[in-house]
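J.: Just need the whole structure built from these sequences, with the hints factored in.
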Amino acid sequence: GQQLNQSPQSMFIQEGEDVSMNCTSSSIFNTWLWYKQDPGEGPVLLIALYKAGELTSNGRLTAQFGITRKDSFLNISASIPSDVGIYFCAGPPDSNYQLIWGAGTKLIIKP
Amino acid sequence: DVKVTQSSRYLVKRTGEKVFLECVQDMDHENMFWYRQDPGLGLRLIYFSYDVKMKEKGDIPEGYSVSREKKERFSLILESASTNQTSMYLCASSLSFLGTRPTDTQYFGPGTRLTVL
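Going line by line, the protein sequences match chains A and B. Here this note's numbering is used: the first residue of the first sequence is 306, the next is one more, and so on. Here this note's numbering is used: the first residue of the second sequence is 20, the next is one more, and so on.
These are calculated hints, taken from the structure and not from any lab test. Among the clues, some could well be false.
What the hints assert, rightly or not - Computed from the model, here is a short list of chain B residues facing chain A with C-beta under 10 Å: (1) M46; (2) D47; (3) Q56; (4) P58; (5) L60; (6) L64; (7) P80; (8) Y83; (9) L109; (10) C110; (11) L117; (12) P121; (13) P129; (14) G130.
Stated by the list, open to error - Interface residues of chain B toward chain A, partial, derived using beta-carbon atoms under 7 Å: (15) G35; (16) G61; (17) L62; (18) T119; (19) T124; (20) F127; (21) G128.
By construction, the Cβ of each residue, glycine as well, lies at the ideal position given by its N, Cα and C atoms.
T.: Written as structure tokens, this is what we have:
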């Protein structure tokens, strides 16, 4: 089936550092979603993007819908301990009426 | 506050047992989903339902079945559990099928971690 390539798979960072992760696909997407899963919980929607080039922020989080419509980026500025968890990208490809999910980026903050 | 609950957080079963995972939502959502989450593979859709008694296969339905007798409840059934079904199972519900709006998103339960010995 169709896949989203999400990278990196995991990140070990110091508190206060900025974080960047991305998601790419061989298919065109018309919506990009970024979810966060806290340990022991289900994913929760953080940011939704609906058009190419769109840049949207949610507090310290900023996400961008790539111009080619085949990628998206999530940045977290000045990370804090509660940012730990798994971040997923997801979206419906143009050709498919179903959500496709990335494999996730696990964020770990070094004490 | 919207809520999706799953019957168990942790479950240990033996190979060959029949396993029922229950999911209940209190948001009157039409659409409900069962996903499987494995490290490095993300979320994979097993089955979904867009109405009572309606069900559709997702990407990995083999070895699973589902039941939706009431709008608020969606059950995942492992007819004969096998060790390769050891995983985290997540249930979700949404108003619209895709749930791609902040006001209309897929809401997830906390997950059931199933171990099959």
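J.: A separate judgement is required for each hint: does it hold in the structure or not?
T.: Checked hints:
Residue-level restraint check for B:M46 is violated (minimum Cβ-Cβ distance to chain A is 14 Å; threshold 10 Å). Using the Cβ-Cβ criterion of 10 Å, the hint placing B:D47 at the interface with chain A is not satisfied: the shortest such distance is roughly 19 Å. Annotation: B:Q56 was flagged as interfacial toward chain A, and the flag holds, the nearest CB pair being 8 Å apart, inside 10 Å. The beta carbon of B:P58 is positioned within 10 Å of a beta carbon in chain A (closest approach about 8 Å), and the interface hint is therefore held.
Interface hint at B:L60: satisfied, since its Cβ lies 6 Å from the closest Cβ of chain A, which is below the 10 Å cut-off. The beta carbon of B:L64 comes within 7 Å of a beta carbon in chain A, closer than 10 Å, and the hint placing it at the interface holds. Here the hint on B:P80 is broken, as its CB sits about 13 Å from the closest CB of chain A, past 10 Å. A least Cβ separation of about 17 Å between B:Y83 and chain A goes past the 10 Å threshold, and the interface hint is therefore violated.
Interface restraint check: B:L109 against chain A, minimum CB-CB distance 5 Å, threshold 10 Å, status holds. Hint status for B:C110: holds, given a least beta-carbon distance of 8 Å to chain A, under 10 Å. The beta carbon of B:L117 is positioned within 10 Å of a beta carbon in chain A (closest approach about 5 Å), and the interface hint is therefore held. The restraint placing B:P121 at the interface with chain A holds, with a minimum CB-CB distance near 6 Å, inside the 10 Å limit.
Because the closest C-beta pair between B:P129 and chain A is about 5 Å apart, less than 10 Å, the hint holds. For the restraint placing B:G130 at the interface with chain A, the shortest Cβ-Cβ distance is roughly 6 Å, inside the 10 Å limit, so the hint holds. Taking 7 Å as the C-beta cut-off, the interface hint given for B:G35 is violated, the closest approach to chain A being about 29 Å. Nearest Cβ of chain A to the Cβ of B:G61: about 4 Å, under the 7 Å cut. The hint holds.
About 4 Å separates the beta-carbon of B:L62 from the nearest beta-carbon of chain A, less than 7 Å, and the hint is met. Satisfaction of the interface hint for B:T119 is found here, the shortest Cβ-Cβ separation to chain A being roughly 5 Å, below the 7 Å cut-off. At about 4 Å, the closest approach between the beta carbon of B:T124 and any beta carbon in chain A falls short of 7 Å, and the interface hint on this residue holds. The beta carbon of B:F127 comes within 3 Å of a beta carbon in chain A, closer than 7 Å, and the hint placing it at the interface holds.
Among the interface hints, the one on B:G128 holds; its C-beta lies about 5 Å from the nearest C-beta in chain A, closer than the 7 Å criterion.
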